[in-house]
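A.B. asks: Chain by chain, the residues run as shown.
Number of protein chains: 2
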Amino acid sequence: MTVLTAPHASNAASTSPSYQARLACRAGNAEQTAGLAPGYVQGNLAILPEKLASAFHRFCQLNPKPCPIIGMSEVGNPKIPSLGLDLDIRTDLPRYRVWRDGEMTDEPTDIMAHWRDDLVAFVIGCSFSFEEALMADELPIRHIEQGVRVPMYRTSIACVPSAPFEGPMVVSMRPLKPKDAIRAVQITSRFPSVHGAPVHLGLPQSIGITDIAKPDYGDPVLIKDDEVPVFWACGVTPQAVIAAARVPFAITHSPGLMLVTDLKNKQLAVL
Amino acid sequence: MTVLTAPHASNAASTSPSYQARLACRAGNAEQTAGLAPGYVQGNLAILPEKLASAFHRFCQLNPKPCPIIGMSEVGNPKIPSLGLDLDIRTDLPRYRVWRDGEMTDEPTDIMAHWRDDLVAFVIGCSFSFEEALMADELPIRHIEQGVRVPMYRTSIACVPSAPFEGPMVVSMRPLKPKDAIRAVQITSRFPSVHGAPVHLGLPQSIGITDIAKPDYGDPVLIKDDEVPVFWACGVTPQAVIAAARVPFAITHSPGLMLVTDLKNKQLAVL
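Those sequence lines, one after another, are chains A and B.
Here the first sequence is numbered in numbering that gives the first Met the number 0, starting from 0 and rising by one per residue.
Here the second sequence is numbered in numbering that gives the first Met the number 0, starting from 0 and rising by one per residue.
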């Protein structure tokens with residue numbers, strides 16, 4: 000574990016809940032990041048060598064709903080100042096996954112030993128931000144009510160490829176009453192950088208989901224008779240695509256253990 | 000039929016398609032107003048004696064989705080300058096319905112003979128405006144494709160009452176693919192003064208619609224396997240409520256024969 004770096008600036012930001020959350024993650028004191036620093040944006044992480052980074056960046060550009068980039072590093076530079084005070088992408092997530100040739104080879108609590116001068120880090124928006132907006136509007140989030148992980152499904156919707164990155168869009172599902180589904184479209188449309196509006200609703204079979212009770216990732220949740228399943232593009236998509244591409248080297252976050260940033264969810268609203 | 004009144008102002012507005020459309024309606028030369036003056040707002044009409052007008056106005060205020068008021072007259076004044084150059088509510092619709100004690104007693108082409116000094120005219124937004132926005136986005140409108148009237152249904156959604164006005168919300172239905180339904184929510188959310196976002200989708204039985212193939216007004220349309228029915232609050236609601244209240248006297252437009260205004264649909268967008 001890296002020795003903690005004291006913030007250089009002695010301003011209010013150093014006492015912000017997001018900064019404190021990152022310090023806790025650095026120190027290995029976070030079991031999960033859900034619920035940490037409410038109101039602050041959390042992000043998925045994907046790190047790739049420069050040689051592959053431009054193809055991945057283009058993949059994200061071509062598929063902004065599953066892969067909305069909220070920040071990225073310069074080549075070889077582990078700091079992303081736009082996302083947080085004193086943020087170090089090598090230490091500030093609780094746990095990482097290191098991939099070689101498509102296989103996970105390590106799951107360390109920091110990546111100091113894996114960092115290289117040619118790496119580029121991408122931070123991708125996550126559904127925590129829009130879920131906060133839905134809950135602020137008193138819409139129920141079933142998997143949170145049930146205390147399980149959100150159900151996620153591989154779909155028949157193909158992402159636009161950017162070789163070697165290609166594959167199906169993965170979606171997350173939240174069941175809602177129709178009037179709440181309409182409200183959820185309105186609310187999440189305001190947040191394009193964290194997946195935005197749903198990509199589908201009501202007819203899972205139309206997007207290749209044959210059994211809604213058997214998600215490909217996460218846990219199944221109850222769908223009541225008066226509810227429709229609502230599907231959002233999911234940040235698992237880029238991870239699945241990176242794994243499927245079997246690239247020589249990549250690093251991602253460990254599921255549920257995200258990067259806590261100093262951005263506020265409210266800042267991401269376009270309206 | 001009233002003698003045509005030449006426009007007093009010799010400005011560009013007098014040659015606008017909307018003004019020309021009203022002249023045609025005045026002259027009895029319009030079979031329907033759908034398709035007249037594309038881009039211009041058309042409105043439903045409800046005229047009530049002052050004694051009932053405030054209760055009706057309150058009903059509209061309480062139920063803005065089915066009853067969005069886009070203009071109203073002063074008591075006894077048949078002009079509504081905010082809605083159109085030289086507009087005369089007594090002559091500028093192709094056909095009217097006159098109601099006494101809840102029964103339609105006349106269906107004249109003007110209401111000069113029925114006008115009274117105590118009447119108040121309400122013009123209520125109509126779905127033509129948001130349909131234009133949907134089509135501009137290349138979303139298909141099934142009843143237009145099929146050349147029939149939009150299907151409309153009485154629902155189990157109760158309007159907020161304002162005695163003697165009360166009753167169920169009437170909705171119109173357009174079938175859409177789920178991704179188009181999501182887009183339609185976004186588009187129509189921009190137009191709250193013409194019914195705004197849908198009130199329901201996907202589960203007709205949840206709002207008391209037992210047989211989607213049998214609309215209460217209009218015509219049935221095809222719903223394909225990969226489509227969901229999407230329901231919008233409908234301007235037939237205030238007409239149904241006025242008829243049900245069996246008020247001593249009221250005037251409405253005849254179905255499909257609306258008021259063409261000088262407002263442009265684009266002006267109604269809130270964003």
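Keep in mind the hints are simulated off the structure, nothing from the lab.
Watch out, some of these pointers could steer you wrong.
Since the list can't tell identical chains apart, any single copy or any two copies may satisfy a pair.
As the list claims (entries may be wrong) - The calculated lysine-lysine pairs, modelled on DSSO-like cross-linking and capped at a C-alpha distance of 27 Å, are:
1) Lys213 to Lys176
2) Lys223 to Lys176
3) Lys78 to Lys50
A.B. asks: Which numbered hints does this structure break?
C.D. replies: none
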